[in-house]
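*Asks:* With chain G held as given, fit chain B onto it using these hints.
Protein chains: 2
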Amino acid sequence: MKNRLASLDRVLLMGPGPSPVADNVYAAMATPMVGHMDPDFIALMDTIKEQLRTVFQTKNTVTMPMSGTGSAGMETAFVNMVERGDSVLILQNGVFGKRMIDVATRLGADVTELGFEWGTPVIPDKVAEALAAKKYDLVAIVHAETSTGVANPVEAVGRLVKEHGALYLVDCVTSLGGMEVALDRWGADICYSGTQKCLSCPPGLSPVSFSNAAIERLKRRKAKVPNWYLDLGMLTSYWEGHKRIYHHTAPISMNYALYQALANLLEEGLPNAYARHKAMHERLLAGLGELGFKPFVDASCRLPMLNLVTCPAGVDEAKLRERLRMEHHIEIGGGLGALAGKVLRIGVMGEGARPEPVDRLIKAMAACVR
Amino acid sequence: MKNRLASLDRVLLMGPGPSPVADNVYAAMATPMVGHMDPDFIALMDTIKEQLRTVFQTKNTVTMPMSGTGSAGMETAFVNMVERGDSVLILQNGVFGKRMIDVATRLGADVTELGFEWGTPVIPDKVAEALAAKKYDLVAIVHAETSTGVANPVEAVGRLVKEHGALYLVDCVTSLGGMEVALDRWGADICYSGTQKCLSCPPGLSPVSFSNAAIERLKRRKAKVPNWYLDLGMLTSYWEGHKRIYHHTAPISMNYALYQALANLLEEGLPNAYARHKAMHERLLAGLGELGFKPFVDASCRLPMLNLVTCPAGVDEAKLRERLRMEHHIEIGGGLGALAGKVLRIGVMGEGARPEPVDRLIKAMAACVR
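These protein sequences, in sequence, are chains G and B.
If you read the first sequence in this note's numbering, its first letter stands for residue 1, the second for the next number, and so on.
If you read the second sequence in this note's numbering, its first letter stands for residue 1, the second for the next number, and so on.
The shape of chain G in the complex, shown without the other chains (with noise of 0.2 Å):
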């Protein structure tokens, strides 16, 4: 029989996720398993707890990977501390902002979108009109939003949030990894991520962080959370305590993974990791401004790892991503939602901010220019 795999091709991989992923992390997946209830998944459950906690910079107890990729992290921070009625307050400017809408309006919230300029961030003083103008049960914001290379003064919102007393939840998908992520310091009480953008882990977990807070509202539901699987309170007994409750079947191959991706960071240092993936943002900035290529986001809101621009006359966006993957091997990303067609999304995220990579692509769009 033919095996696909064997011929699949070698994509260095520098869009807006999954990237790059480092060898040890392929040997992780691919260690011999051993049960989701065994003593040996459970201490490593919990290094990979502690690890967490590390990177969201957080005390956080409830801090795991939930069994799904970043959208089931969405949906877990939702379906938990929502129910019917309940106002939100959804800061918008961007697709990610848009999913959030989505998701927390099919859970019967009361939803009022803020909503921004898709390409600007997010202005405090907005955010403070509308807290003052109603009373919210929570206020979602998205960190790092990745269809529009942004990110958003998460701590600056979060202390107008805290003063009017709502729960603060903070998209950092993206942003984690990459860039500081200091949750206790921002006074998020809730945050989701994902394995495969700046932790260079391949997809399948979400990364949770709920506060004390947070698990107080959850105990407050008048009704149970209206998703078995992403159950906070059923997880939480299988992930915490002295004696462990089966819930699902964890995904242990991919917990592997995130344990060694997370190792892989802390080693760096977070401060270490951050400044690198400064580094190969202005370094591919510059490569691609010479070759006439425009950021799309103003300096001083600009995503490190992950970055919006504009081609140079008379070069097709599309044509160009199709040729850099079928003659150069990498893929980058198109615009999303009303930016489709308008600009390139270039990810330099986890190992994917190395010199290496981001030197072939620049030389790789260089030969589909010139």
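Heads up, some of the hints might be wrong.
[Claimed, not checked] FRET-style restraints, in silico, Cβ to Cβ:
#1 I42/G with K224/B: 35 to 41 Å
#2 R220/G with D23/B: 45 to 51 Å
#3 G341/B with G269/G: 45 to 51 Å
#4 I42/G with E113/B: 30 to 36 Å
Hints were generated in silico from the structure; no laboratory data involved.
All residues carry an ideal CB built from backbone N, CA and C; glycine is no exception.
*Replies:* What follows is chain B alone, placed relative to chain G:
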């Protein structure tokens, strides 16, 4: 830094799952990734769908793996098919039937439970009575009840359900690949499985299949599916058709593993795999019978891949499991729910359903009880 994975024990997995994984499946998981929108990955998705249709014995177009473990498949089935107030009949004779009740109730369904003694099968005549007494939108059953080791008469029940015009949901988590699953012949409209049982693939995905009637029901929904992550309509836009629409970042590496595990199974041939599970089940019970272990389930409805046995007098089941794990590096399972402390649950699943692991287990159990 100490590498925790290097010191993990190497365990023979003979419990209720996860099951042993073939070397080429581990290798598949470590294959360098392409992106989730990459043409190579989309071609592989098409292959996986075809493979799944073969093992499910169905022509259902909507047949694909969900990005979560088996319980995410159960959640997917109910959250897409059931709306608040829908009448649902759940045939319950174990933990996974109970779980269905919990899942459906959380979603606001009008749930009727028809219970049967644990360790015995669902009785079609009782189902016929229930169907005559009330009109149901959906009837749900577990094919292979992993908590009791019982095979339910899904084909006979299917005929009754079809006569009454309800949708028919069958949980095939543990049966798929280890005994015949024939969705189209059974008249099953909704089915989900897991990868970590008889497919011998690490946990992380849940193959599902939906009939045309199920998809028609989805289209008739009044409200959006209250679960963005598991929304079947959006997922089919990613998994089907000429132009794929991004939904979430699929767990690429898990799909590589599933592809390889399904390729292994189809290369062996489904009838051969079923016969192998049955032969290893008999070999296990014969060996354990000599040691004084007795089957918990009547021979007429025993599952081949999941064997419940009671211990000989004087043997403590928890201590036996502990010794097997610590001294012999073999995992087997204990009882779940009402059967906790009363039975052992022994899997002969996938790669575990071969003479060498079965004999190793019997020998180790002999050493523990003699």
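*Asks:* The structure should be examined with respect to each hint, and the outcome stated for every one.
*Replies:* So, going through the hints one by one against the coordinates:
no.	hint	verdict
1	I42/G with K224/B: 35 to 41 Å	38 Å, holds
2	R220/G with D23/B: 45 to 51 Å	50 Å, holds
3	G341/B with G269/G: 45 to 51 Å	48 Å, holds
4	I42/G with E113/B: 30 to 36 Å	33 Å, holds
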